[in-house]
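Each chain, written out:
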Amino acid sequence: MRAASQLPRERLTWMYTQMLRIREFEERVKRTFVEHPGVIRGHAHLGDGAEASIVGALATRGESDPVMPSYRCHGYPLVLGTPARALMAEIYQRRDGVCQGFGGSMHLADPAHHFPTASGIIGQGIAHAAGVAYAAQVKKTGQVVYSFFGDGSSKQGAFHETLNLAAVWKLPVVFILENNMYQAYTHYKLEDANGIAGDPLSQKAQAYSIPGTTVDGTDVLQVYEGVGQAVDRARSGQGPSLIESRFYRLSPHGNAITVPPVPTQFQEHEAIEVYGNKAEFEAAKKNDPILKFRAQLTGNGTLSEADAKKIEEGVRAEMDEVVKFALASPLPTPEDAIKYVHA
Amino acid sequence: MPRDMMFAEAIAVAITEEMQRDPNVVFYGQNMAMTDRDPFVRKFGRDRVRITPISETAELGIAVGAAMSGLRPIVELYMAEFMLVAFDQVINEAPRLRYMSGGQVKVPCVFKAGFGFAAGWAGQHSNCTYHAMMGIPGLKIALPSTSADAMGLMRAAIRDDNPVVYLHHYMLTIDKSPVPDGEHIVPFGVADIKRAGSDVTIVATAWMVKKSLAAAETLAKEGISAEVIDPRTLAPLDVKTIVDSIKKTGRLVLVDQAPRHASASIVIAGEIAEQGFKYLKVPVKMVTALDTSVPYSETLESYVLPSEQKIVDAVKAVLMMQAAAV
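Chains as they are written, first to last, in my numbering: chain A, 1 to 343; chain B, 1 to 326.
Note that these hints are calculated values from the structure, not bench results.
As the structure is a prediction and not an experimental result, all values here were calculated from the model.
Errors might be hidden in some of the hints.
Incomplete in silico selection of chain A near chain B, CB under 7 Å [unchecked claim]: (1) A130; (2) A135; (3) V138; (4) G142; (5) I257.
Where a beta carbon is used, it is the ideal one built from N, C-alpha and C, also for glycine.
Isolated chain A (complex conformation) (with noise of 0.2 Å):
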């Protein structure tokens, strides 16, 4: 059992810090798009309202665990430690991008720091993880393979397919359902069976015998405490486990689909824009995992005031320098397009 109430305060501090520049970089992504238009090409869909069930889930981890997240996929490898900086060149189309302007926004990946890669297409990373999780398995090296998905991706197939195949073979692997409440620009009560009928999703586990549970994504430390439960049952060779973890996006899906030159940037939340609920969006709004966390670091005396200001000061000047390495950053060369096709 991992218990929160164990963690020192520099894990707590760090953990807060994760949780910050994952809401400043997704910020500075969305000013983008104002500040700097068409410097992000496609779609960028951003983790703002996920970063207590991200940080929650790998504060977790074992040093050299794989993370798979979905293409919503920023967040993650800066927790990881991939510098922000090669992330948001990647995003910004440049050389010094992770993938070196191959992947961008949807398809980040960093081996190097245990993120092999993320499917842009739904569901379809679920299936992937678990291969992860076989090799692991086959060759003996004790990871636990960390499948992040949304709400959506559990309505694929490669969801019930890889759930089932993974139970059957017992593969090291925690599969976290990130109940965002909307799957793109649907609301997850309008086509999930076990979201009508009022159950939670993590329900979707007992089809297949193993555990689930729901925790709420907006509290980093119950996200810890189910996650880690899952990650310890896992490592001893007892199987996945499926956890739905619910949160609130607060952007909308991604920026809007729109045909170039129409500039694109991000719009209302679909709960304004689609549905007209503002209510829904301004309670979703106070209910911010990140202004949640600090309230209690500051409550109970873990941060002072002070403290939790420099961390967000300092947050905020990484962050800074990041869009400003990133703009610098030189244009990929037009001929290497063709060089990674085969290996």
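For this one, chain A is given, so just place chain B on it according to the hints.
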């Protein structure tokens, strides 16, 4: 000394020997390795040889993830059509991840499947689907036509650092042909001249090679010398060997079990139009399946698929075209 070996056995021998050579090679699929009497299970154990449910997306996706983590998975899919239910993994995951990661990962895996069954399996289990895959950058496609190639291409597929779709033709399964001694490997992208000739070039793959060789034999009795080329891999595709051949023959017949516009022949014809046009004395002729699904009744099926007679007729037609031109 070369020894005769059944096509299916040659594949099994290649897999077995590669698994002995490299502990990272794993092998799994549906309805295989069901008991501990299974020869692969006996030799390599349950970690490396596994049975799966009917879950192609998970099977292929797991192969992709395992390949990125240092294993070399071979997935037994039985029928190429079963890949279609997991086509995202075949064409939009396995061959894309290395590229999108800027070369940071490699995905060495083999998707093994039978195809082209012409034994009354009707519309959904008799297809040639390689055309849909041969143009996908990053994916390699192997189609052996002999036991030696079946063995050599499987070895090369397992050792390749890229995803390979290995398609073995059902109608060749129990054919016996010689296999060389030792560690026989057939490199990808090297066509094989299965029969040398001077009047016409026939290009064919898999079962169509057998039919083309039979046609060439018949034609030889009438004094017509046909060269039969088997590209052996469709990706990479050895266009040069075909161009070199038509420099000599000036005539090209492309034989393919797939329907015309879903064939490899149509791609080869395009390459020859650009790279070999000046060597052609007459237009290219294609012998493909008719543009229809494969029917159940043998009478109907035979009508739809290419046959030795259709190949003979096509060769005679291109020879007559030349006569007309003169």
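Hints, verified against the model:
Residue-level restraint check for A130 (chain A) holds (minimum Cβ-Cβ distance to chain B is 5 Å; threshold 7 Å). Checking A135 (chain A) against chain B: minimum C-beta separation of about 3 Å stays under 7 Å; hint holds. Checking V138 (chain A) against chain B: minimum C-beta separation of about 5 Å stays under 7 Å; hint holds. A distance limit of 7 Å between C-beta atoms decides the matter here; for G142 (chain A) the minimum to chain B is near 13 Å, and the interface restraint is violated.
Taken as an interface hint, I257 (chain A) does not check out: its beta carbon lies about 19 Å from the nearest beta carbon of chain B, beyond 7 Å.
Checked against the numbered hints above, the structure violates hints 4, 5; every other hint is satisfied.
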